[in-house]
Structures are given as C-alpha cells and as structure tokens.
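Asker: Take each chain as given, in its own frame, and dock them per the hints.
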Amino acid sequence: MSDLHMEPDVVERCGDRLTETGGAVAAQARSFTGTRALTAAHSGISSALTLDFCRRNWSDRIDGHGTETSVLGDGFHYAVREYLVADARHAALLRGHSRVPGE
Amino acid sequence: MVSMAQLRDLDVAAWQTGADEWRARYTNLLSTVTYLHEDLDPRVSAGAWTGPAGDAAIAHLRGVINGLEIDALECQAVSLVLSGLTHAFRISQNSLRSALGAARLDDFPVTGDGLVQLPDTSMARHDPEFAESARVQRDRLQKLVQQAVDAATLADRKAYEMLDHLSQQTFQTDAGAALNEDVGMASKLEVDLIAATVPDGGPDEVAAWWAGLPPEDQQTLRMAVPWALENLPGIPADVRSALHGGGSYDRAAASKWAIDHWNDAEASYDIFENNCTNFVSATLAEAGMKEQGGYWSDDSWWEGPQTGNRWLDLHGGSRSASWAQAFQSYEFWRAHGTEVTAEQAQPGDIIYWETPAADGGPGDVHHSAMVTAVVDGDLRYTQHNIDQVNASLGARAPIGALGGGHDVVHVVRPESDG
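If you read the protein sequences in the order shown, they are chains A and B.
Residues 1 to 103 (the numbering used here) are what the first sequence spells out, left to right.
Residues 1 to 418 (the numbering used here) are what the second sequence spells out, left to right.
Next comes chain B alone, as it looks inside the complex (with noise of 0.2 Å):
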C-alpha cells in the first residue's frame, strides 16, 4: 500500500527516468538487433560461409538476434508499465497536493497518516451553523486525499504484478509472444494505470479533483481514457461535449466500446475469415454513426438484416464494401471524413495499414483498427482478429518493419452523417 506522505513525496520525475531507460534499452538493442539482421545476416548466408560450419553459424547467429528481440521487446513492456505508473502517480500526486493545499488554505489540519481534522478555531467550537459547514468541507477533502492514496495504491498493485510477470519472462524463447503477449499486455496496463486515477466520488468530488489537476494532467486523461470522463458527474459541460465530438458519433463512446469487445467470441460481426473491418464497422455504428446511402448507391456505409444464413450473409449483398473491407472503408471515410496524420490521431479515428506497391502505384490497404488511446504521442489501437486492445503502434511497427513489413499508416477521423 502506497501512504499519503509516500505519494505526497514520491519522486515522479525519477520514475520517468526509470521509464525512460527501459525504453533507450529497447531502442538499442532493438538498433542491433536490425543491424544483425539486415546487414550481418544476409552477408554469411549470401554463400560467404557455406557447408556445416557456415551453416551452424549462421543458425546460432539468428538464435542471437532472437534473443536480443526478446530481450529488446521485454525492455518495451517494463518501460511501458513504468511510463504508465509514471502518469497514475503524477496524476495522484497532484490531487493529492491540491487537496492538502485546500485544506491548508482553509486551516484543516492533515496528520502524517492522511487523516483531515476539523479547524481548531473558536467559531469551529462554538458556532453550530460554521462547524457543520466546516464537516462537510472536511468530509470532501478527506474523499479527495483518500482517493488519491487509493488510486496510487491500486496503480502501484497492478504494476508491481506485472513487473513481476515480466521479472520471470527471462526464460522466453518466443519473439511473437514476447510482442503479442508481454508488450500487448503492458500498453494496455498502461492505460488501465491512467484510468484507475479517475475517481467515481459524488459531482462534487469529482469536479474538484479536475479542477486540482495541472492542464498537463488533464489532456493526458483526455487522450488515454476519455470514456472514463465522458459520462462522469462532474467533468464540466465542455470538456465532456468536446470528447464525444461534433454530431451523433460519440467518439469516446466508440473507444470504450471496442475495448470493451476487442475478444468478443463469437461475435455477431464474425462473418467473415477475418472481421478487422468489420469491427470498426460495428464500433462506428454502436457509437452512433448513422448508416449512409443504401444498397443501389455507390458511396454508401450500411449493413443490412442479417438472416442468420452464412452463406446468404456472407455472399447476398448485406452489407456495403465500405462496411467490411479495409480497402473501400478507407476510400468511404476519407471521402466521408478527413486524414490526419499520426501524431494528429484522437481516439475514435481509424487507422489503416496499407502495403504500397513496388510500381509507385496504388498500394493494398489490407487492415484497420480503432484508435482507442493515445498516450504520450503514440497511438493506441484496438482490433478484432487478430486480437489487440490498446496496443501500441511506436512499439509493434519497428517489429513489423524487421519482418520486412514496410507499410504506411494512415488515420482517417469519421465525419457523423457523412
């Protein structure tokens, strides 16, 4: 357990340097790591060493780089879980301040345990009518504390099991579980951590903890769990207005829904081999996107009623292109929409990966996702098969790139009712 005087004088920016040296780890071994294996690799196997001994070294050269990927991916994840930690105490620490600051300006004292004592003053024991007023002051201020203890608690639980986890993965053989797993787990822990400082007090509570937080902290909880604050008592009217976005698409609503079905089983959307598009199509339209043209219309986003036949659903014309491939999605909501670039990416944008052609021409836009998060600048994204929720795209594209994947990204923001 975290105590008040521990968050109170915890060194934030120490474990942003913590956060920030696991992620210098990732980043060079990850460097070597493209070193062996674009340029060393391709050297001795180009028949510079040839016969058993050429071959057996060119076998342990790779089980190097193997290893040195895991090593680099499980250095991605503990900088993840520490950046993630980094925020849920930053943000903790600050309403922590600013209660106690609160309860200074207004003479409550706060013992060394977090406990907000009522004001030694005459008026405190002799006016009736002060004192009540001043138990209800108290009783606020002794939410807000608490609260922040709480959440810098639980944040610190959570992370304390998965640095646990990731203590014990030295053993891993496996690069795709190391990313898919190990990191995938770690970006969504990360978010999870900046979620859990949001209190779920009366509006009272709450609008006092926002109002405590520095403009800083606020903008990060607005781009990493604007669902955690869209619906809460307490947020002001405008910043709550600004996260659902212009019209009847709710944007957080659109994040919080696609996390919250990323592994849906057998969903109702599941039609096809693979349903990445789908998906979004189904998060759109749960957030309130409204279908657009219809079944004789070549510029349309709809599906139809599905009757239950697979055959029939999957070849009858019950849905538009737009609503099922990457491809016509793409072309549907930039024409219905704008492109933003990555660093412009909010959550409730989607995002494409399209493999250019070798001609120049025309690539092949194979996939897209929901950004459901961003957090220090990097984008968030939550897909249904293959499965991911909040992972992080500055951590799966330079893996993506060492396979010999060059695809560019584009994020295009939905427009509601077109």
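Pulled out of the complex, with its shape left as it was, chain A reads as follows (with noise of 0.2 Å):
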C-alpha cells in the first residue's frame, strides 16, 4: 500500500476533466440522428432493423460510460474536499486546537 498522499490542484483539475469528458461522451450516444433516420427510412429491410437495436443498445451502454466517467469526476471533487478538510483538521490538532478554527 502507498502512503497517502495528494496534490489536490492535480486531482481536482482531473476532477473536472472527467466531468467534462462524461458530459461529452453522453453526447455521443444521443447523437444517432442518421442512423433513426435511417432506419425509419428503411423499415422493411433486415439490417435496419437489427441496426436499430444495435443502436438502442450501444447508445444506453455508451450513456452509461458517460455518466460513470462523470460520476468519477464528482468523486474526485469530494476526495479533494474530504482531504483539505481533513489536512485542515490534523494541522488544527497539531498546533493544538481540538477544532478546525471555523468549524
């Protein structure tokens, strides 16, 4: 096991490049335009119709990588904030305080 450690400007701003890229790749699942028009264009044919359900099913799967991608993003953020509370605490304790001057 690694000691702990963290440089919370790094993590943070990693943070909010998950945010950013899950917001962007739930984007790419939503945009499937061509391939509805497509399929509705051609609803007699086979392969539209099996493309439509290959679409439907990578489509909430790609939405779901999204989300999960953002949602590590919001861990980073609260792992940033947990650790400065926590920093702010062992240092209060170590100078003596029995609180977080401010808590």
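Hints were generated in silico from the structure; no laboratory data involved.
Incorrect hints may appear among the rest.
Result set (SDA-like, lysine to any residue): computed pairs, CA atoms no more than 20 Å apart in a straight line [claimed, not checked]:
no.: 1; chain 1: B; residue 1: K158; chain 2: A; residue 2: F53
no.: 2; chain 1: B; residue 1: K158; chain 2: A; residue 2: G44
no.: 3; chain 1: B; residue 1: K290; chain 2: B; residue 2: R334
Answerer: Have a look at this one:
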C-alpha cells in the first residue's frame, strides 16, 4: 500500500476533466440522428431493424459510460474536499486545537 | 428478403450516412480514450494521489478507459458492416437500375415484383423469329434483375446476422476480443459483402452486369475483390489482365490464396514459432512468383526441399533468410520491386511493420503480411500467426498506438522474376 498523499490541485483538475469528458461521452450516445433516419426510412429491410436495436443497446451503454465518467469526476472532487478538511483538521490538532478554526 | 421495389428505391446515401455516423462515434470515443490514457492516467498515477483511495481511483479510471475503448471498437465494427452494406446495396442497385433501363429502352415491361415480360407489340405476337430473340433477351434481363435482388438480399442477411451479434456485445469486457474478434469479423464481412455482388451467371450476363456498373463501382470491386473478377468469364480481358499484373506473379491469385489459407492448421509453412514471413513467401510462390538466386547467392529468395526433419528444416539452410524473416524479406523485395505509400497499396502487395530505433538509426522490421484488399482507401491485410484475414489497417493502427506502439508501415510491390 502506498503512503497517503494527494496534490489537491492536480486531482481537482483531473476531476474537472472527467466531468467534462463524461458529458461529451453522453452526448455521443445521443447523436445517432442519421441512424434513426436510416432505420425509419428502411423499416422493411432486416438489417435496418437490427441496426435500430444495435443503436439502442450501444447508445445505452455509451451513455452509461458517460455517466460513470462524470460520477468518477465527482468522486475526485469529493475526495479533494475531504482531503482538505482532514488536512486542516490535522493541522489544527498539531497546533493544539481540538477543532478546525471556523468549524 | 429485399424486394425489387425496395432495392430500386433504397436510399443508399442514407446507409453511407449511417456508416459515417458510427465511424464518427469510433473516432470521437477513441480520442477520449487516448486523452484519458495518455494525459489523465499518468497525472494521477505519477504520485498526485497515493494511498488506498488513490489506488482505487486509478483502478476505476482504467476500468472506465477500458469500457470506452470497447465502445469505440464496437462502433467501428458496426461502421464497417454498414460500409460493406452500403457498397453492396449501391452496386446491386446500380446493376438493377441498369437492367431496368435496358428493359425500358427495348419495351420490356417489368412488374412491381420484378418479373420481366415480353414486349406487347404486333411483331412479338406475329413474328416467330422476333419473338424468339425477344424471349432470349427477356431471359437475360430477368437474370440481371434477379442477380441484383439476390445480391442485395444476401448482403442484407449477412449484415443482419453480424449486426445482431454486435448488438449483443454490450457485455463485452475484453478490448482485445472486441478488436480481434468483432472488428476483425466486421472487416472481413465488409469485403465479403462486396464480393457477394459479383454474379455467377454466363459470360453474356456478366459482361452486361459489368458494363452497366458506374466506374466507381468497378473500381471498388477491382480493389476489394480482384480474385472474384479475374477468372470470371464476361469480365473484359484488359480488366482481367490488369488484375493479374505483369509477369508470372498473379496479384489477384495471391490475394485469393492468402484469404483461403490465413488460418490453416499445421500448414506446411508452419516451421517456426512465428511464420508471418513464411506465409507471405508461400503466398507469393503459390501465386506464381519464381524463386530467385540460390544457396550461394546473397541476393536470393528461395526455399529448398523440406526433409520433414524439423531440426534440419529449421537449421539446415533450407531457405533463404528473405523467405522467412521479415527484415530480410523487406530488403529483398524493396530491391526487387517498388516501395509504395499505403495510399497506393493494391492487393498482392506486401506490408511490413517496423519499430523505429530510439536513436534514429535503422529500425526493427519485425512483421509482414499480404495486402489482400483495399476498401475506400483502407488497406486490408491477411496474416498467419497471429491469424487475421482482411484486417483493417485503419481500424487497428490507432489501437496499436494506444498501447505505446509507434510502428511505421511499409508497403512493397514485388516484381515478377526479379
């Protein structure tokens, strides 16, 4: 196990990027307008019917990964906040205070 | 089944848009994967966050990257299937429209379900000679219509099966399987769908079919499935000759042989642990390339009789280095052929992969394969150990780069008889 250490600024920025990336991935899942038009216009063709099924399945999975990426970004942000609070508390304890000033 | 009316009225451009859309998903998702893999992961794992939570965060991030990479690859697989279907539908539709145009020109009515009827004229009713020749022409037109509809139906069925498979791959967790199996099968299928448009009728029907295709479709077929055209009676002699190439080496036959033998078990050329270049040489030889030089020559390409004794065949000097080793093969065929760009590649060429040296010196040419098709400018190669058939260079190269590989690709056009 590694020693506990965090560079909050770096992790915060990574969290920001993950949140942005998650949003972009989810947008990818929604942008199948050409495929929707194609399957609607060729409803009597077998491969068009299956393509529509394919689109819905993969759209759901890509959207799920977009959400997961955003949630991971939120996790990074949460961890940074928790780390900073714990760090401040430890600093206060080391200075002889029982509470973080301002709490 | 695709009906005559469905094929005639099909919006081929919409299928191309669909293929482009799935390809864009692949490109965009792969770009996201590259960013997360090459930029974000190193930032976190370089020590910015250590301890159990940091380790868990990195593991979770890598899980997300793996999932997105699979999404990208499966979108690429769907794109390849749709691209093949677009080609198959376009070629079939152009064949059908050509046949319908010929029928209209000569007053042969065609029913809504594709039945070609005799002209309703007094000559057809009262002139036996004319009626007989009209029947012959009607039968030929009927075959052309039916061939086009059958080709579209076959392509639709094959694409349906593959899309059905891909739609169920959302539980895939192995990026290697997504690339080697799903993208690999889709890349092969794209070429198979184009091949399915080639009719197997008599010379007259084939000649009429070929003449009715626009030059773009003819070019698609020449580059994707030359082996399906080269020996087909009815294809113009100049086209067949160009597909063969000059000299004893038959370029189209090389593609066909490689495609037919890519995954042979216990093949005669399976001498070494890795037989990629052995496979390339076996393909060239099977396609008529004559051996060059001999045992005492430094500039040679040959294989001697195999004794059946594995040790002797491995170490007994029973083949030139250029026969079985990628670097020597590259050096030999570059000297006895022409190196071309990947954009100029044609079926029957050889493709080599070189890992550049860190110091800028000569790199390591470590792998070779046969170019067996080119589809929309994307080079398709066939190799033995690790077995792949009509694998897409465009689909696979970015994934190789993701794993840290920065191989340079060389394409060499071997010349017959040195």
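Asker: Taking only the CA atoms, is the gap from B:K158 to A:G44 under or equal to 20 Å?
Answerer: Holds - the C-alpha atoms of A:G44 and B:K158 are around 16 Å apart, at most 20 Å.
Asker: Given the hint that B:K158 pairs with A:F53, does the C-alpha gap stay at or below 20 Å?
Answerer: 16 Å, holds
Asker: Hinted pair, alpha-carbon criterion (20 Å max): B:K290, B:R334. Please report holds or violated.
Answerer: Holds, because 16 Å separates the two Cα atoms, which is no more than 20 Å.
Consistency with the previously given hints is maintained throughout, with no hint failing.
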